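Visitor: I would like the entire structure built from these sequences, with the hints used as guidance.
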Amino acid sequence: MSLMSLTAVELGRKIKAKEVSVQEAAQAAMDAIMAKEESVNSFVTVLDEQEVLNRAGQVQKMIEEGTLNGPLAGVPVAVKDNMCTKGIPTTCSSKILSGFIPTYTSEAVKNLESAGAVIVGKTNMDEFAMGSTTETSAYGVTKNPWNLEHVPGGSSGGSCAAVAAEECSYALGSDTGGSIRQPCSFCGVTGIKPTYGTVSRYGLIAYGSSLDQIGPVAKDVTDCAAILEAISSYDKKDSTSMKREDLDFTSALKDDVKGMKIGIPKDYFGKGLDKQVENAVSAAAKVLEDKGAFIEEFDLGLVEYAIPAYYVIACAEASSNLARFDGVKYGYRTKDYEGLHNMYKKSRSEGFGTEVKRRIMLGSFVLSSGYYDAYYLRALRTKALIKKEFDKAFSKYDVILGPASPSTAPKLGSSLSDPVKMYLGDIYTVSVNLAGLPGICLPCGMDDKGLPIGLQLIGDCFKEKNIIRMAYAYECTKTYQHSPLSDRL
Amino acid sequence: MSKEYETVIGLEVHVELATKTKIFCSCSTEFGGAPNSHTCPVCTGMPGALPVLNRKVVEYAMAVGLATNCEITRNCKFDRKNYFYPDNPQNYQISQLYLPICRNGGIEIELEDGGKKTIGIHEIHMEEDAGKLVHDEAEDVSIVDFNRSGVPLIEIVSEPDMRSAQEVIAYLDKLRLIIQYLGASDCKLQEGSMRADVNLSVRKEGEAEFGTRTEMKNLNSFRAIARAIENEKNRQIDLIESGEKVVQETRRWDDNKEYSYAMRSKEDAKDYRYFPDPDLVPVFISDEWIKEVKARQPELPTEKLARYQREYGLPEYDAKILTGEKKFADIFEAATEICGKPKKVSNWLMVETIRLLKEHDMDPADIRFSPVHLAKLVDLAEGGTVNSTVAKEVFEAVFTDDIDPEQYVKEKGLQTVNDEGALRSVIEEVVKNNPKSVEDYKNGKDKAIGFLVGQTMKAMKGKANPGMVNGILKEILSR
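Chains as they are written, first to last, in my numbering: chain S, 2 to 490; chain L, 407 to 885.
If you are wondering where the hints come from, they were derived from the structure by calculation, not from laboratory data.
Hints may be right or wrong, so weigh each one.
Claimed, not checked - Restricting the straight-line Cα-Cα distance to at most 30 Å, the calculated cross-link-like pairs of lysine-lysine (DSSO-like) are:
#, chain 1, residue 1, chain 2, residue 2
1, L, Lys483, S, Lys388
2, L, Lys880, L, Lys853
3, S, Lys96, L, Lys538
As the structure is a computational prediction, the values presented were derived from the model and not from experiment.
Guide: As structure tokens, then:
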């Protein structure tokens, strides 16, 4: 059995107990990557083995000196390729950032490094986090470790696949409209999208700035709580960062949900939801009810407006955020051009993929004079109303329970041809980002094809502990299912 | 013919704020420096970098707003103005469109006929400056220097309340003075820390509707502004008179050729796709914060003008000139504080200082001498230690080299000679050597005494007490 079969916290404990060295852990990750990358393609960049081992050696020394003693010290991690890492190529899985090597490290990754993390590579994603399948990457599709014919979900598909394939102990993902929760659901792993402002966005290459949050991807809730604790911080460099006193997420790891109130939105269980997903999620609710939680169905309201509002806001912000990729300063520049405007046009036409171009155009359109009020402003108002609906719900419930995705992982190549259908798949996740709420996704069963099904728990702003506690209590009734790819070693 | 037309002018004035660091990062705003030496991921638009607002920028903008009678927007926001240009690393400029920090203000200007008029201020908003493009003709490449990228600016947008170049200059002058007093900027047009774009239209006198306006850019001096206004007014009137239409467009002034040309028309004006910057949170301005900024507000030109007349008994003419330049007012107050002779200090500033500034082609802001030294000189001159001719000579040295007058006079031996014996013997000698002049004087040519005084002063190397020389000479001649 590989050391990568352990959870991050288990491995950290063994390292601390000197049963395993940091170098051995790093070597196990590098070996797993060597063995599995050809099948799964979770990574855009795998770090040089010697560099990884050197870093592992330094961390080992700090652990021995006693300067590093957190639960994640020495544990190998993979980072989504939209977080800047000094000296390590960072591409957002886009051709336009080919060859870009950041001069600085994002705050979340810095926090992880201070906690003693050993980075093994940068994971694949949908280009600029735009997509739900990791098929829009310029560096090849990532495959689902449960079935290589299927997508891993997206946009943090590489991070979730790497964890499920056990190429690393845990990973960082980012979630703008479900990009952590949906691929977690498809890959049978656990991930948290924190309250907006909990993890610094400094160094996260923006897609939709008002929606983006970095979060953990791991095998279980315990890992996620420990990782979230490590990466959360108030950061003066991010104006939207929040000062919070309650970042001790691991304190919520209690197998006790007695008296907690769960609301289940009726609107989440209507047309379009796969029957097997519905059954698994309902069964999970029953488990929690049996453990003493109070369960009630309710009308959330405005559910059908979340997707249009999300796509208008996210694309509007993206159209501006992605303007800086112009061939002037870094990344890709077209070979032949005549003059500045031709250089801009050709670099961007050649550098961006279809889905990114589609969203830039959509975003530019909704911000154009004459359309701003009708689309962008209206979407902002809708966003505020959706937040109100959630506020109402959280005045009654501690947690909202539902699926993370209407279906299990679709087959490779079956999604991109119909973007609207693909966008509709985000129905259960985008409203959480619009309202800035925390959400967790964890496995709750399998469909008849052997593909994982995810359970989503949504909390009120700053109430990560509620969802962590409930997810942990649920998880205590199950054992972690390793993907078939994890056993290939 | 042009008398039938009225010119309507509004200004957009950009002012570079005097903060030590940039508006959204902690890089230095210092001028000069090797290209891209004052940069970081934020002001070079690196992926993932985020802006953080410099509170000092808000305070300067607030200070200018309060001093120009604006309302302060309690919940102001920043918006992105999207356009592609290589000097703009993010390809959007962070500015304020929907909720600018100041609105609905105005300042009073004095008209040529002595009357007063209020020029409305529509809004003041904060924004970031762009980098600088350097075109290397030899290599056929363009290079970008981001040292200026992110330097804080405020844009002061006036109402279309001005009717002539004189009013425009008066408005700009007043605005410049207020901002300099606040210490918010040095406001140098030539160096670009103050830039004005002129929006101008003409209409037949008495008409209620405005004509079509043009916007004039690249105006680097008050003179250029006056010339451009005159030129553009005539251009528009000529168009209308010949039955053509004024096109709404942006024009660029070439001050050497005294001519403007169209840069872009409204039809191809860009759609900037403004929207609130999601990376910045709204700026909440509390009562306390406004109070704090108000409390720190220095005395402004109008208040100072009144006080100089009241407190120091200066004539209005003096007070106007002294308060019309912050540097003059600063030196005046400091020197008067020391020597207690306001009118004398005023005279040195108004006569000798202004003369020397002209001679050296300098701005008052470039004055380097210490008010302590001016105060000492006033004391030396008034106490009779040096005579007025010597005092002027000493002042030149103060002006150019900021010397200490006491030391200078001592080292160079410039003290006025008051020793009657010494003077008398020199005068006896002069009278003896100039019998012709003595005779002229005795024959009623009073002017001849002037020559004899001059000869005495020459012999004394200018240091003689002129009063005593006159007295002794008259006494000797009347013998």
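Visitor: Does each hint hold? Answer for all of them.
Guide: Checked hints:
no.: 1; hint: Lys483(L) x Lys388(S); in the structure: holds (21 Å)
no.: 2; hint: Lys880(L) x Lys853(L); in the structure: holds (12 Å)
no.: 3; hint: Lys96(S) x Lys538(L); in the structure: holds (28 Å)
The structure fails none of the hints (numbered hints given earlier).
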